[in-house]
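Take 7 as the starting number for the sequence shown in the numbering used here and just add one per residue.
Some hints here could point you the wrong way.
Claimed, not checked - No farther apart than 30 Å at their CA atoms in a straight line, the calculated lysine-lysine pairs in the BS3-like style are these:
(1) 211 - 284
(2) 79 - 130
(3) 87 - 57
(4) 96 - 52
(5) 55 - 246
(6) 222 - 116
(7) 57 - 246
(8) 259 - 284
(9) 217 - 300
(10) 211 - 163
(11) 267 - 211
(12) 154 - 57
(13) 270 - 211
(14) 300 - 222
(15) 284 - 305
Because the hints were derived from the structure by calculation, they are not lab data.
These numbers come from a predicted model, not from an experiment.
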Amino acid sequence: MEIIQNRRLLSTLAYVAFGLAALLISFYLTFPAEAVGQRLAHEVQKQSKGKVSFSFGDASLYRFSGVALSSVKVTVLQDGKDPLLLDFDKVAARVKILPLLLLRIALHAKIELGDGVIHADFSKRGEVLDADFDIDDLDFTQPPLLPKLAGMPLAGKLDASGSIYLAEQPNASHGNIEIDMRGGSVGPGVIMGFTVPQVTFGSLKAAFDLKDGKAKVTKFENSGGNLTLGFSGEMALRPKLDSSTLDLCAQLKAEPDWLAKNDKMRSAMQLAEIQFQKDPSGTINIPLRGTLQKPQAGKGLCRK
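Given these sequences and hints, build the entire structure.
Here you go:
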């Protein structure tokens, strides 16, 4: 009798499992991804009051709780300028089920740009923001998304990762970010009305740490370019972000041979040498203090 009952139980479980599998397959095959994509396009255009619109090639279900769009083309209208046209190979986003059961909105997004991939996770509850991201082999030129956004040529390949938790009280916030860029350059182009040649930065590795309400630069290494950069210091967070206080310092040093070939950059560096102080290595130090909303350049050398 016990054997018969066990067989009935197994049979019932098998029917339930089959029914759930059939339901999931049916949901996957009949999910109206195209309609969801069109609805998203409509909402984006509505919320931006017509300034942002996008179209896409194909739409499909993404991990049962999201949608994936391929060949996405975004148009951003700009006052007094030509429309900004942006292309994405693939954009996918989904709602995370478990946090939703805990009454917390959490999203996962994936963006493909050429051979580069961006993964990001966002969770928000009240004023608390929890975010993680990972950028792998992002080429600034293929497709040229960042140069279009910046309005001038940019080059380089980027790997980056990070985790940020912003609490209601700044001293409870924590996180870290790591950046590894190779072959970085900017220009030629116009920056704040000043025409600059191509400036190369070579390789750049940086790390930032957030703990006890203070964001610190823990590593900044730059080499191989005709302009060498340095960056150090910390920012103390405040409940109102733009009131956060700065104690930072930027450093600049240009190759003499490169300056000799670029009169405008040589003149700009000479002006900087008059306003700011050089350290024994010939590097210009630019202290930045004040608040995030109103940073003020100071004088003197960077603090060790």
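Kindly indicate which numbered hints from before are broken by the structure, ordering the numbers from low to high. none
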